Amino acid sequence: MPATTTDVEATVNEALESFGAEAADINRDATLESLDIDSLDLAELSQVVEEKYGVTLKSTDAESLKTVGNAIDLIVERAK
Amino acid sequence: MTETETKTKAPALRPTDATILVTGAGAGIGAATARALAEDGWLVAVGYGGNAEGAAETVAQIEQAGGRAHAVGGDIGESGAAERLVAAAQDELGPVLGVVNNAGVRADNLAMSLTDDEWDQVIATNLTAAFRLTRAVLKRAVKARYGRIVNVASVVGPRANGGQANYAAAKSGLIGMTKTVAVEVARRGVTVNAVAPGFIDTAMTADLPRELLENVPARRPGRPEEVADAICFLASDRASYVTGSTLWVDGGMGA
Numbered sequence: 001m002p003a004t005t006t007d008v009e010a011t012v013n014e015a016l017e018s019f020g021a022e023a024a025d026i027n028r029d030a031t032l033e034s035l036d037i038d039s040l041d042l043a044e045l046s047q048v049v050e051e052k053y054g055v056t057l058k059s060t061d062a063e064s065l066k067t068v069g070n071a072i073d074l075i076v077e078r079a080k
Numbered sequence: 001m002t003e004t005e006t007k008t009k010a011p012a013l014r015p016t017d018a019t020i021l022v023t024g025a026g027a028g029i030g031a032a033t034a035r036a037l038a039e040d041g042w043l044v045a046v047g048y049g050g051n052a053e054g055a056a057e058t059v060a061q062i063e064q065a066g067g068r069a070h071a072v073g074g075d076i077g078e079s080g081a082a083e084r085l086v087a088a089a090q091d092e093l094g095p096v097l098g099v100v101n102n103a104g105v106r107a108d109n110l111a112m113s114l115t116d117d118e119w120d121q122v123i124a125t126n127l128t129a130a131f132r133l134t135r136a137v138l139k140r141a142v143k144a145r146y147g148r149i150v151n152v153a154s155v156v157g158p159r160a161n162g163g164q165a166n167y168a169a170a171k172s173g174l175i176g177m178t179k180t181v182a183v184e185v186a187r188r189g190v191t192v193n194a195v196a197p198g199f200i201d202t203a204m205t206a207d208l209p210r211e212l213l214e215n216v217p218a219r220r221p222g223r224p225e226e227v228a229d230a231i232c233f234l235a236s237d238r239a240s241y242v243t244g245s246t247l248w249v250d251g252g253m254g255a
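Residue numbers (this note's numbering), protein chains in the order written: chain A, 1 to 80; chain B, 1 to 255.
Next up, chain B with everything else stripped away, as it sits in the complex:
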């Protein structure tokens, strides 16, 4: 390839039947993301663990808005689940060329008191499952020369938060994985990025003290839709040259 060809090679555009899987899409950031991606033209596999009702609601909202979606359920922490979910999404919608690894759990405890189960559960769902889904989608995306992977990390990880050693380890791990996978597959038209949400108004943060907002320069919690917009951008063709990056969506918390 000549230098000129390298310089002028146009980025691949998203195929019309491209499908993206959003995990944890029965509520909160995942549901808002699924809706936003559908509006942007993706066919959306609405992933859920226990919240089948929420996932059905997300699918209904997407369909009412004129998009296409299908709910795919399963415990993503189980071995083999990633490939099953992706295959199910592909059978129903189209080639799965994207994934938003959003599903996450918390099991907070001071490190001294953190049990093996609390550690394992958070790492399994927040990190290991994200890797397995990424791997399953990469096999298809690399072949298609087009793909979008967005990992939902957190301000916790890059920044400390007492009581969340497991969560911080998983989310930091996601950011490290994002960078490494990004450089592996960049030349195949596949981008891999992360978002790092701060204090977002969801069920996961409902029990957190509002005093925490004093640490947020914006002085308000973020809305799930504000995170969804950032994810949607990274998953779009507008972000074709953005890869390996982490976009902080945190009202200035990490600045």
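The following block holds chain A by itself, in its conformation from the complex:
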């Protein structure tokens, strides 16, 4: 599956919502902390994007991921 920004954004948003984040609060500038996204959520997101795009997110990546936009951009970059 091609990893366009739009597609990755939809995938990430859907995953964040399934972790309990309110859909209305999810946008590129929202911080993962404000959405109550923790390390288990990121591990699950990692599994989702690995299955869909073949992209691996490491636990050390979590430190640099502050916002939803950071996560989307990293996934798109790695999928190239």
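Quick caveat, the hints were computed from the structure, so don't treat them as lab data.
Treat each hint with caution, since some may be false.
Keeping only pairs whose Cα atoms sit at most 16 Å apart, straight-line, the calculated EDC-like set for lysine to aspartate or glutamate is [what the hints assert, rightly or not]:
#1 A:K52 <-> A:D7
#2 B:K143 <-> A:E17
#3 B:K143 <-> A:E51
#4 A:K52 <-> A:E14
#5 A:K80 <-> A:D7
#6 B:K143 <-> A:E14
#7 B:K139 <-> A:E44
#8 A:K58 <-> A:E44
#9 A:K52 <-> A:D25
#10 B:K143 <-> A:E44
#11 A:K58 <-> A:D36
#12 A:K58 <-> A:E77
#13 A:K52 <-> A:E9
#14 B:K139 <-> A:E51
#15 B:K139 <-> A:E50
#16 A:K66 <-> A:E33
#17 B:K9 <-> B:D237
#18 B:K143 <-> A:E50
#19 A:K80 <-> A:E50
#20 A:K66 <-> A:D38
#21 A:K66 <-> A:D36
#22 A:K66 <-> A:D25
Treat the numbers as computed from the prediction; the structure is a model and nothing was measured.
Chain A is already provided as a structure; the job is to place chain B on it using the hints.
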């Protein structure tokens, strides 16, 4: 989420096609557990290492009783085996949302004389394989928001038993792993618990002196079915709020 929602959120119920893998299910505690879980409604993957005949017998018993089971074999100590076994079980039965890490070996020796091989073999089967199977099942269970992991530890580990440094290390490790994984995944509807059997009448204890029963307040060995019942409870929806715990099934030995 409001406080009220947090308080009243109902626990997830087991999906009808949920499959559980029981390792070492060709005999003893594993076979009794596989039968009990099938009776409780799980689809059961009967794991075995060398005992294909025993596993086939367990599957036959489950099917005769009206349950569904399938034997999956392999050396769980090998790298990649866990994922292969879980995938095989899933292909044949349904989503693998549970595992009973029961397979275990002994290679007793006083620590001074314990060889590297005796150490490695026991840690590989009793601890490392249990972790890898847990990891493989967690990937599916976390996504499904439902899972049951039960590790078969032992009274040996929490308590000393000369000649079993390797076994005690592995079983203590299982209890530590149980607690840690439990807190990691609790909010995804996945519970992780352990049982600590004492002196149970199985092939593994057949060579032990009966005088050991003097240390058992119940003054008799346990039956595999008695351990299976405890495992079955922890794997059931009745135990939805029990996680990170170790249930001693030992006739009072550890009290």
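### Query
Hint numbers the structure violates, sorted upward?
Of the numbered hints given earlier, those the structure breaks are 9 and 11, listed in rising order.
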